[in-house]
Every structure is written in C-alpha cells, then in structure tokens.
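Asks: Heads up: the sequence lines are chains A and B, in that order.
For what it's worth, our numbering labels the leading residue of the first sequence as -8, then goes sequentially.
For what it's worth, our numbering labels the leading residue of the second sequence as 5, then goes sequentially.
Honestly, the hints are just simulated from the structure, not real lab data.
Source: prediction; values computed, not measured.
Mixed in with the good hints, there may be bad ones.
Cβ-Cβ distance ranges computed for the label pairs, FRET-style [stated by the list, open to error]:
1. B:F85 x A:T24: 31 to 37 Å
2. A:N5 x B:E148: 38 to 44 Å
3. B:S101 x A:K91: 52 to 58 Å
Here a beta-carbon is modelled for each residue, glycine too, at the ideal position from N, C-alpha and C.
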Amino acid sequence: MIQLRGEIQEGFYNDTVIVKVNGAEVFNKGPLTTSLLGKGPTAFFCVDVKKGLVKVEVFVPTRNLQDTKNFLIRKNKNLGISIDTATDFPSGIRFILSDKPFLYG
Amino acid sequence: MNSDVSGLYKGAFVSSEKKAKSDKLELRVDIDGERSLKVVSGDIYSYSGKNREYFGSFIFEGVNIVTEDDKITITGTSGKFSCAPSNYSQIRVTIPSSASASSLKATVEWLDSSGTSSGDNPTCVCKFKSPYFRSVRLEHDREEGVPPFSDYDTRRLPCGGAARELNLEKAYSEAGIDVIKLSKAPKPIVPDGYGGSDPDAKWSDSELHAAMVEHFSSWKNQPGWNVWLFSAKDYEIPQTYGMMFDEIGRHRQGCAVFYDSMNGSGAFETRLQLYACVHELGHCFNLLHSFQKSRAIPPAGADSSSSLSWMNYPRRYPSGEDGFWEDFPFQFTDSELIHLRHGLRDDVIFGGNDFSVGAALSGSDVSEFDAPSVDRSELRLRLESVKASFAFGEPVVVEIKLTNIGKTIKTVYDGTCLHPKMGLVQIAIRDPNGHIRIWKPLFEHLFSPRLKAIDKEHPFYQSAFIGYGREGFYFNQPGMYQIRAQYSLNDGVNIVSNIQTIRVRYPHNDDEEEAADLLLGQEQGVLLYLKGSDPPILKKGHKALNRLMQQYPRNPLTVYAKFITGFNQGRTFKKITADHKIIPRKPNLKVAERLLGSVIQLSEEGKGLDNISLNQTMVRLAKAQKSKGKENEAKKTMDHMMEFFGKKKFKHSIMETIEMQAKQALA
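Can you build the whole structure from these sequences, using the hints too?
Replies: So, in structure tokens, the structure goes:
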C-alpha cells in the first residue's frame, strides 16, 4: 500500500467538501474557509491506496461543483484540491498531484 | 528608479484659511520612468506645533499629462479620497521640466468640480524628496541557527524577466518602494520563551507576536512605516514557508519566513527564500494573494491564478509551478503597484487598517480590462461619472471621452461608436459585494462603424445611461461601485479607461426608498433605457412613473419620471397595427412642454439632469415645438440652450457641437 495525502487548498469559503477515493468516502467536512494568510492547507486527509489507478471524486455541494480524476500512482503522493474558476479548469475544481509537499505562506 | 520627475514631493499648503497653514502634503507623482502608472496621490498631515496628525489621502488615476517646453502639467479630474473632499475635487500639478532633480518643485492646486480655480483655492509648493514613492524601515532579525539569505541571480534558473541580482530591498525598489534596513545583518535571536529552548520547537502566531513586541526596536501599537521580518526555523503548521502573523492589536507590523521549509543554498532554495520574503512583506503592505483578491474588504477585484506576481502561489499558475517560474518577471502586477505606491495611507501603512481591509486599491481586476503595460495608441479613453454620487434609484449616467494625445491626426471610429450599446466599448462594473459584471445593451446593434479623423483639439464624447441593461439594473444597491471601460479600436488595439468610482447613497427615509422602488422596476428600466416608449407591455412602468410624479412631486427622482414621459410625449412614436399598418402617434406638445420645461428648470438649478441629458431635453423640446408649427417657441428654446451652455464656459469644440444641434433642431 502507498499513501495519498489530500490537501484541501485554496478558494473555499464556507464550503462543504466531500472526497471519495476509489468509491469510498474519505473526507466530508464543512464549512471550510481558506485562510487569507496561507496557514497551511484548509484541511487534509490521508488514505492508503493500492499502487495503480486511483479514482478521486470531489464534490462541493455548496457551489454545485464536482469533478472526477483518475491518477496512476506508484509511490506516496500529495494531492492538492482547490477551487479555481480559471478557464483551464472548466469544472471549477483543480487537482494538483505532486511528489513534494505543498508549501503555503 | 529611473525617472525625470516621478517620485515623492513634500510641501506645506498656502491658503486664505488660517487653519490650512499648518497642513503639509506628501505628494506622489507617477508619470514617467519604469512602469509609470499615470497616477498622482498624496497624504495630508495637520501640524500643531511639533505634533503631526494624519488628516487624509487622495489618489487620482489616469491623470492627463501635458508636456510643454518649460513645464509639465498634470490634471486629475476623478479622485478617490479617504475622507470627503470639501469643494475641491480636482487637482492640477505643475512641474518645471528643465529643473534638475535637486531643484524640482511641484505646484499643486486644488480645483472645483468644473476644473476651475477660484483664486483662493488651496495651493501647495512641494519640493522633490525622493525618486521612491514611499519609504519604509525594515528590521530583520533571525533565529539563531538560521543563516542570512543571500541575493538571487535571476539567471540561475529560467525566468520571464530581465537578468539581475535581486534581494528583498531591490525587489521593492523596483516597485518604487524604498526599503531601508535598520541593521545591515539580521540580528540572531536565541529562542528564550518564545519558541522554547527545544531546538525542534515550532513557532505559533502568538509567540511570533510576542517576539515582535520584545525584539522589534521600532514596534509601537500604532500605524507607522516600520516593519519587522523574522527569519525563523519552523512554524507550528507544517509546510508553511512564511507568515504575516500580526493580527493582534494593530495588524500587519510583522512577518516571518521559515527556513526549515526551504533550507539550502542552491538556486531553487535561494529563489524560494527571496520569493517568501517579498511575498510575506507584501502581506504586511496589505496585499492579498492573487487568487484571493475578491476577499478584500471591499473586494479588490477578481481572483486570478494566472497573475505573474510575487503574491501568487507558483503552483496555482495554470501551467503549474515550473510554468510560473519560467514566465515570472519577479515583479508585482500593476494593480498591486498602485496599491503599494499610491494606496490610501491607512490601507497600506503597517498598523493601519486590519489585514484585507482596503487591500489593493485598484480593481482593474477584470483581467481582460487590465491596461497594457505599454500603450502606444496615443489615444486616451476617459470614463467619468456625471455626478460625484447618485441617490438610491437614480439613473447612473457616465460620460465617455476619447482624446488624441499624440501630435498627429489619427483615424478612428466616429464618436457614436463610443456608446457602449454599439458594442465596441465595454464597461465592467464592480458592485459593492465585489461581483463584476459587464454592462450589456438591451438590444444588439448591428452596424458598420464609420471612420473619422480625431485631432488633439476635438475629442469625441458620448454620454451613456448604464443603470439598466440586458441583465437588469446594475446599480440597485447602495455602496461603492467601480467601473472601467475598454475600447476596441479599428486597428485591433484595445485601450482601457481610468477606473471611476461611483457611490450610490443610502435612502434617508421610507419615502426616498419608496420613490426609488418606483423607478427600479423592470418596465421602468426599459423606459429609462429607451427614454420612454409606447407599447402596452410597458404600461406598468408608466403607471409607476405617474405615481412617482403625483405622490412624490418634490423627490429628486421625480425629474427622471418627467424626463422619460416628457421626452416620449415630445416625439412621434410609430405604432404597428394588427393589420401591419404603421400609424404615427403625434407628439403631445402640451404634456411635453409642461414636463420637459420642469426638467429644464430643475436641471438648471442643479437639481436634475447632467449637462448632456439636459442638452438632449432642450433639443427634444425644440423639435416637438417645431413639429407643431411653433417656430418661435422652438427658436426661443434653442436660444436659451445656447445662452445657458454658453455661460458654462465649455470648450469651443463643445459649443460648436451644441450650436450645430440647435440649427438641426430648427431646420
């Protein structure tokens, strides 16, 4: 097993966030509001997953947003989840997968 | 900083009022040099003996600059003030262009809303003090064991800007802010009670604040231009490279960076250390993250992850962290520069307004409306509100002006194209909640724009009612609004206007609120947009306007009901019958004369319409009189119009246009 650390990052304001990994709900919290001063992630979760394809579903019912991504993961990873309304992210939810820990400030 | 006249000037007011003699001005002129912003701003201080008290600030964006052989004249017509200005709402700054930096002087004159000087206006002669707009003192301490950060050479890794050596002071120097370090090397602080003696101890916000109060030699619980940066080892919340921790008492006087999250001396680490220091100090200046601008109070614009700014998170950039660094020129955005250099003092000064209150003055913020960094069009677009503030429910009208500031005649779309309903000028409106909407016309206009020559002496004008459009009312709540226009020129270049602030006043009582409600219905909005109309579908709107006139005859909003109804009754209105015949409804001169006559009288007394709408009213009345064969009355109306506007001392070109309108109405 390897570990996937999910971080609820920026763009949240009194929002509820639900995350399912491989169909199982691993995170359900709210209201969540991102700090204006970047005091670490808004919230986080850790989940053990098997190496290979991992399906991540994110729901933000307070904004009527949802998105699903599949990631091929072979070692411990950090997954950033944020709300980003830029055109590059049409669902409004942005995923960033990284080997390195995310930094805030 | 590399400029001829831009920078900080200081001087004392000279006025007939005794009190004003002790007022001093710190003036910031930003019209040339690198990344000049065409802004004039200042802070006013009152002196009583040796006691200095902050009085207020002002800022004029999009100033008009006229350079002559011997002087530069800068005029600001639309300013933002930290406190309500007295009778003076415009500014003129004159600087001799041939003087050396050491002898530069700026003469500042306050003008009334028509731009004229009455002779006893407050004036101030300010001496040039610094090419920097603001100067701050930085005390940089470090926790024992944290090495001092070194400069970063931007050539070490791919980047989007010029090659140069950068450190914290140089980064702010490029932004026009002089950061003076109080000590050459950060003083090592041995943790003793703040972080604990355990080397692994992590810092909390309250510990950091206590450390600041203890170690920051310039700390006072009051606004000042002194700030503390602390290089510490680690923060209690993991993965934090830096923190503006000071949210106790007077905010924003201290920040910290945490070495353990970015230790090392390699290129990546040194770059991150520089970024962290500039970024955290940016928070002390009350700058928010690029992607959180909308959470400022009031909102400082739209959130943007694509900003190439010290205040963005690299990983938020659309093409990711590597893409950010490859594009990043190591600088702040123009909006942030306006805040740093020119923001109202309490919005910027350390210990001033709480963090996020008044963060980032400029709300260009609809990214496509951001001014290009280099504008070679030599055309100036100005957006001006016809009133300093509007009553709740009052129709918002703006004046749009295109000026050729170059020396040669240019060919552009003709003046009618300046009206936003034609689709070439777009107006972004940011409401008091920070929501940004683009004004959209009620109907799409398909047309072939005509080209016309524009010279320096004959600007193009349009007046536009933007209170109502396809999305309904745009100013339907009291508060501060910001608007900005963008014009797509015939050569494909986009130019943007100044940012105009519009205040919608709160109703004072129930009657004012009810009168406003009678004007804010959807049908009334359509009638305002069309300056009246006949279709039965708008019957409800007419009914509300009639009620407004009858029930609230003395309410200032009633003039608009009279204007709409009188304007419509003063013209022929074509009606298509069920059998497809066009029947013209003739003007009702009696009603038009009564209502428009009242509108004209009220407006001339300063209780009604703006000049452009008044001009339209007079022309409409003359046309109605002429259509009924009352030639003499029509001529009298037009003669009166010429006489009234002649007294306003408008420019010759404007009077030429009014004269032509009079002739056409009588032809």
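Asks: Look at each hint and say if it fits the structure.
Replies: Hints and how they fare:
1. B:F85 x A:T24: 31 to 37 Å: Check passed, 33 Å falls within 31 to 37 Å.
2. A:N5 x B:E148: 38 to 44 Å: 42 Å, holds
3. B:S101 x A:K91: 52 to 58 Å: Between S101 of chain B and K91 of chain A, where Cβ atoms are some 54 Å apart, the hint holds.
Checked against the numbered hints above, the structure violates none of them.
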